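In case you want the letters, here they are:
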Amino acid sequence: MGIVKIHSISKKILVALLGVFLSIFLFFHAAANMCILRHDGGVWYNDFCDFMGTNYLVKVMEVVLLGSFICHIILTVWLTIENKMARPQGYHKPQRSKTHTGSKLQVWTGILILACLFCHFMDFYFVKLGLVDGNLNFYDQAHEKFQITHIAVAYLVFFVVVWFHMRHGFAAMFQTLGLYNYKYGRVLEVLGAIYAWVVCLMFASVVIGVYFGF
Amino acid sequence: MRFILHIWRQENAHVKGHFETYPIDNISPDCSFLEMLDILNESLINDRIAHPVCFDNDCREGICGMCGLYINGRPHGNDDGITTCQLHMRKFKDGDEIWIEPWRAKAFPVIRDLVVDRSAFDKIIQAGGYISTTTGGVPDANAIPVNKHKADMAMDAAACIGCGACVAACKNASAMLFVGAKVSHLALLPQGKVEAMDRVRSMVAKMDELGFGNCTNTYACEAECPKLIKRQNISRLNRQWIGSLFGRDKK
Chain A
1 MGIVKIHSIS KKILVALLGV FLSIFLFFHA AANMCILRHD GGVWYNDFCD FMGTNYLVKV
61 MEVVLLGSFI CHIILTVWLT IENKMARPQG YHKPQRSKTH TGSKLQVWTG ILILACLFCH
121 FMDFYFVKLG LVDGNLNFYD QAHEKFQITH IAVAYLVFFV VVWFHMRHGF AAMFQTLGLY
181 NYKYGRVLEV LGAIYAWVVC LMFASVVIGV YFGF
Chain B
1 MRFILHIWRQ ENAHVKGHFE TYPIDNISPD CSFLEMLDIL NESLINDRIA HPVCFDNDCR
61 EGICGMCGLY INGRPHGNDD GITTCQLHMR KFKDGDEIWI EPWRAKAFPV IRDLVVDRSA
121 FDKIIQAGGY ISTTTGGVPD ANAIPVNKHK ADMAMDAAAC IGCGACVAAC KNASAMLFVG
181 AKVSHLALLP QGKVEAMDRV RSMVAKMDEL GFGNCTNTYA CEAECPKLIK RQNISRLNRQ
241 WIGSLFGRDK K
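Each protein sequence line maps, in turn, to chains A and B. Position 27 of the first sequence, counted from 1, bears residue number 27 in this note's numbering, the numbering being contiguous throughout. Position 68 of the second sequence, counted from 1, bears residue number 68 in this note's numbering, the numbering being contiguous throughout.
For the record, the hints were derived by calculation from the structure and aren't laboratory data. These figures come from a predicted structure and were not determined experimentally. Errors might be hidden in some of the hints.
To be verified - Straight-line alpha carbon distances no greater than 30 angstroms define the calculated DSSO-like cross-link-like pairs of lysine-lysine that follow: (1) B:Lys148 x A:Lys183; (2) B:Lys150 x B:Lys227; (3) A:Lys93 x B:Lys93.
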């Protein structure tokens, strides 16, 4: 860790900014997914998938997104290792201080998201890349997958985990970027929580809509 | 009142420590926690049972920041906005088992038993927690106008006594609340503003060098601070750090 010298706050700022970028991406992803709910036989959604698969700017952004995701993970792991090293010997009695649970769960929700994302990629993204066999008509595939109860439930659990991660992530981002103050701090936290709710409900509405045939 | 005390005993930083159990009886509910330890030490010395338990203390009125014990999972014990010396035995139930540990952090090595070396905080202050000014005549206190709201915030931040409870409470042993408070109380006032950018960079660099952890916004520090220092000071520290990336003071 001593090879590359980045100050603790700089690392946290980078994690926060990458988190913001990934959250913005999630909103667009969720908005695109909402096309699945249209009763047009997948015309809009498949057109969108075709655009995403062929546009050069999107391809560049795909690499940027993947890079951001990897950097977000590497920096978080780096910070976690440093944090563990800062207290070589722990306390005998478990901590009883009044703290934010989100922060304690953040690493675990992050690991869960990574695991869920791998399954999600196996269903869709790796199929697009030709790494896994599957139906390239993602509208049909979404209908096939989300009508299976355990897959639909697994995706809903995934969105709950994403919500937990985003909710704390937003509050922490405002603090890390120095935006949390006496006057607007609480308002910013609420706005972040609303954004996390909106994105996760958009994702969940697609799964629920397809499952119940809306 | 009677209690079962489990106290961390450690000869010095180089040997392994362990918990020793001491039953204690006839303790007044109005007795302070440190007075209770004094009574224990008296009996340990008189009965030649063991070496007295070493613990830091000085003013015993919540001002100096010397005392600091991790009691039953909380720095300074089970109450809000107090130091260990302000904790009273009436906060416990008769017959309670009390676990007493020193602050745990790489930057705060144990000197003996419950005493830790907190000179890491002094080193952070030495790195920039001051105003470089040549001495001279004392200026009129009202000569420089100061915004009332900012003066209040600076005073709130300056209340930090450097006890280290923030580091002890933080799951990452981060000193961000301490550094945030020290940076804030200077940067909010006109005299301290001049060197604000260099100060924040030097103090954060020293904090990292000394092996404190990173803040992950758990806010245990805010919950356990005996002087109720707010997390807004950490936010201000981050804000100042970002500002310092785009320009530095010329010395």
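For each hint, the structure was consulted:
1. B:Lys148 x A:Lys183: Roughly 16 angstroms separates the two Cα atoms, so the pair holds.
2. B:Lys150 x B:Lys227: Roughly 18 angstroms between the alpha carbons, so the hint for B:Lys150 and B:Lys227 holds.
3. A:Lys93 x B:Lys93: 18 angstroms, holds
In summary, this structure violates none of the numbered hints.
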